[in-house]
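Residues 5 to 308 in the numbering used here are what the sequence shown lists, from first letter to last.
No wet-lab data here; the hints were simulated from the structure. Keep in mind that a hint or two might mislead.
Unchecked claim - Computed spacing ranges between beta-carbons, pair by pair: (1) Y64 - L286: 27 to 35 angstroms; (2) D38 - L272: 22 to 30 angstroms; (3) L50 - A127: 34 to 42 angstroms; (4) F230 - C209: 21 to 29 angstroms; (5) L265 - R40: 13 to 21 angstroms; (6) L50 - R220: 15 to 23 angstroms; (7) Y106 - G43: 38 to 46 angstroms; (8) K128 - A198: 14 to 22 angstroms; (9) V279 - P22: 38 to 46 angstroms; (10) L212 - K128: 24 to 32 angstroms; (11) Y110 - R30: 19 to 27 angstroms; (12) V117 - S190: 17 to 25 angstroms.
Idealized CB from N, CA, C, for every residue including glycine.
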Amino acid sequence: MATGLRAWPPAGNTSGCPDGARWVLRLLGECARDGRDVGSAVLGLLSIGCFAAATLPQFYQACKTGIMDRALSIYFLLGWLGGDLLNLIGSFLANQLPLQVYTAVYYVLADLVMLSLYCYYKAKNRGRGATAAINAAIPFCLLGMAAALSVLGHGPAPGPAAFRGRSLLSVGPEGSEGPPRPQPLSRSEIVGFAIGSVSSVLYLCSRLPQIYTNYRRKSTAGVSFFLFALVMLGNLLYGTGVLLKNPEPGQSEGDYVLHHLPWLVGSLGVLALDVVISFQFLAYRTGQPAAGEEREALLAEHGD
């Protein structure tokens with residue numbers, strides 16, 4: 005997920021942040037003036053690494069067990085893709101950092117790979133309702149590919165080099181004397197904020213079908229624990245990094261949290277639901293069948 009609504013400064017231009025860490029400014033376009041800002045940037049990079057690595061164990065687990073279509077809920081995958089799609093669109097409209105936009109593109113592409121694996125095993129195992137599940141996934145896949153290719157083709161729009169505080173509630177007159185006041189969000193940024201809010205709700209809702217699927221099966225076989233462990237760590241690092249960041253000049257702590265609220269809910273709120281899934285791994289790990297036995301049990305259940 006994206007962390008803020010800031011414009012990428014022109015290459016080599018540090019006039020807006022003369023005392024900031026150069027590597028953070030050049031790599032992320034963020035003005036890191038002190039240890040809090042640098043720590044926030046480091047945590048953000050670590051969270052991106054966790055999210056990128058989170059997909060690999062699930063791909064391996066899906067190919068190893070061959071029961072991905074029964075281990076994962078299609079609504080979980082579609083909810084995940086829907087949240088990432090809205091996050092990508094919101095990030096692009098809100099003119100966020102190119103790194104954040106391209107990371108959102110990676111999320112969408114990884115979701116498409118996971119959905120493709122789901123459809124492959126659904127068709128291979130010829131499960132009941134395979135056609136309906138695949139038909140439901142196809143529009144999301146096409147939309148995801150179109151959105152990702154569109155953003156990659158156009159790239160994030162360049163913005164001004166100055167770092168300005170922004171607010172959803174406050175409007176400060178420009179050019180007035182005294183401390184700097186936060187500037188109002190543009191129309192596209194407000195739309196991006198609204199889309200980010202919907203995205204956070206989808207992230208939360210995507211976990212509920214998986215929790216129910218695990219509870220109904222009384223098993224988590226076929227689901228990679230490392231997937232949720234890495235996502236949990238990534239969300240924790242991400243949320244902490246956002247909260248650690250200093251507010252913009254003229255922006256209060258409360259207004260800063262409000263400004264980032266959708267992305268905080270989409271990270272720390274999802275973290276709470278992933279803790280529930282972790283407890284399911286602990287509760288159902290004893291006496292859990294091997295992959296072959298699990299497959300036979302699921303096929304027998306399908307035949308009833």
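Results for each hint:
1. Checked against the hint of 27 to 35 angstroms, the C-beta distance between Y64 and L286 comes to roughly 22 angstroms, which is inconsistent with it.
2. In this structure the hint that D38 and L272 lie 22 to 30 angstroms apart at CB holds, the actual value being about 24 angstroms.
3. Judged by the Cβ atoms, the range 34 to 42 angstroms given for L50 and A127 holds: they are separated by roughly 38 angstroms.
4. Between F230 and C209 the C-beta distance comes to about 23 angstroms, which sits within the given range of 21 to 29 angstroms.
5. Distance hint check: the CB atoms of L265 and R40 are about 19 angstroms apart, consistent with the given range 13 to 21 angstroms.
6. For L50 and R220, the hinted distance range of 15 to 23 angstroms is not satisfied, since their beta carbons lie about 35 angstroms from each other.
7. Range check, Y106 to G43: about 23 angstroms between beta-carbon atoms, so the 38 to 46 angstroms window is missed.
8. A C-beta distance of roughly 40 angstroms is found between K128 and A198, which places it outside the suggested range of 14 to 22 angstroms.
9. The hinted window of 38 to 46 angstroms between V279 and P22 holds, with their beta carbons roughly 43 angstroms apart.
10. Taking 24 to 32 angstroms as the suggested C-beta distance range, the pair L212 and K128 conforms, at roughly 27 angstroms.
11. Between Y110 and R30 the C-beta distance comes to about 21 angstroms, which sits within the given range of 19 to 27 angstroms.
12. Separated by about 34 angstroms at the C-beta atoms, V117 and S190 break the suggested range of 17 to 25 angstroms.
When held up to the earlier numbered hints, the structure conflicts with 1, 6, 7, 8, 12 and fits the remainder.
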